[in-house]
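*Asks:* When you get a sec, could you build the whole thing from the sequences and use the hints?
Read top to bottom, the protein sequences are chains X and R. The working numbering applies: residue 1 is where the first sequence begins, and numbers increase by one. The working numbering applies: residue 1 is where the second sequence begins, and numbers increase by one.
Keep in mind the hints are simulated off the structure, nothing from the lab. The model shown is predicted, which means the values in this text are computed figures rather than measured ones. Think of the CB as a built atom: it goes at the ideal place given N, C-alpha and C, for glycine as much as any other residue. Be aware that one or more of the hints could be misleading.
Claimed, not checked - Which chain R residues stay away from chain X? Per the calculated CB distances, all over 12 Å, these: (1) 72; (2) 87; (3) 136; (4) 161; (5) 164.
Claimed, not checked - Just the calculated beta-carbon pair ranges, DEER-fashion: (6) R:112 with X:22: 24 to 30 Å; (7) X:164 with R:163: 41 to 47 Å; (8) X:239 with R:92: 30 to 36 Å; (9) R:71 with X:238: 16 to 22 Å; (10) X:5 with R:62: 28 to 34 Å.
Claimed, not checked - From chain R, some residues computed to sit far from chain X (all C-beta separations above 10 Å): (11) 3; (12) 17; (13) 19; (14) 21; (15) 45; (16) 85; (17) 86; (18) 88; (19) 127; (20) 137; (21) 152; (22) 162; (23) 165; (24) 169.
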Amino acid sequence: MNVLETPPVPTLSEFRLSTRQEHLVQEIAGRRRNRRRGGLALGGGALVASGVTTVLLVLAGPGTANAFAAWTAAPTTPAPGQVSSAEATCEAGAATPPPDKTAGLATGATQVSLVDTRGPFTLALFGANTSTTLMCVSGPSINSSAQANSQMRSIGGQPVLPEAGQIAVDRLQAESANDGQAYTIAEGSVGSGVTAATLVLSDGSDVVTTTGNGLFLAWWPGSAVITSATVTSATGTATQPITSSALDTGGSGNTVKRSIGNGQ
Amino acid sequence: MPALSEATDGDLLAMAGSKPEAFGELFKRHSRSVYAYCARRTGNLDLAEDLTSVVFMEAFRRRRKLQLSSKSALPWLIGVANNVIRNAERSLRRYRSALDRIPVPANGVSSEEDAMERLGAQEALASALEAISALTQGEQDVVLLVLWSEFTYADAATALSIPVGTVRSRLASARAKFKDSAPVISTTIVQ
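*Replies:* In structure tokens form, the structure reads like this:
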């Protein structure tokens, strides 16, 4: 054999390759779920308070060792009854007065605008673009008893609509599960022609949003913020920088977060 | 969105962050080539298998910095492989716990025939590596890519992050050295 000719290498069997391929996919998926995230990164975007009130209901489910083990980066098809059950619990919870108030918060805001499901988790948005917006999260190990206030983005009392083929992030909300693991909820609007949007986070990961009714919803474990979005429309796919992502930790403004016990 | 099997390498890389199966498809396409390259670089088939897994895990970590210069991600993956192999000890240590989770004996062989074939191949690889050891590292790199892995000059240049002209000159230099010394391995005499 000439030294400059190719020395042969035995071909790896399909079994060995598929085993390694499956392992790689599991490692990537596991790394996403188990990634330890750093502290909260606050962006510099301007947030302007508006007259819109958002109520965030966090529904407590049975606890698990890893709160987000079943979370997926892309929306999943809901299990039979998953959405209707979550919606019913949300509506019931919204109609119940919180401890410091005399009336329920969600009257007139029970029209479902968008539902995002990721494994056993359901994030529902009620009454978007009305005077009261209700956002409701349910799933295993998601529970919180804290009340918090925050802000919604709008200018001059009118929601800012994104340009065609773009999205606008209206809310980035920091939360924590039963075991203290942080998670973040993103809600916003999509411009005309947008058929899909994937958020690129500050830790390098991607989260595919649920879009519909001119809105998008997504959430993810950890406290990473949004750095850009890959937006798909009829004209193609484009990367849109997101420079105004501020992480709302519930410090001020006019969002009320309430917890509803459910199986704890 | 195209089916994974029909997606381009660029599409798969773009999807990988939210869809790990997309990176699995990339592995399916290029793992044999990466494995063969690792085997020829190290002369050790068992090590090459683990290094192949490490290359793809490391490639996933670095994917955001990638700018594909061709339709195929293979030149970039080989570039990642070069770095992984140069720092093999550190790379393997970094991903040791992940490698330990491979569900079957990763380097096991299925039959005596396979074992004999692997042993023979390893001996041939060791001889080949010994034969080119007189070349500079840069010359060895282009021999491994252009002659042993049948890369184009352009793809070799991408993998090594060097100009195409440098690939040509290093290859010419390597050929000249072997022409001068008429090296042989095995029993075939190079005229």
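*Asks:* Could you check the structure against the hints above and give me the numbers of any it violates, in ascending order?
*Replies:* Of the numbered hints given earlier, those the structure breaks are 12, 13, 14, 15 and 19, listed in rising order.
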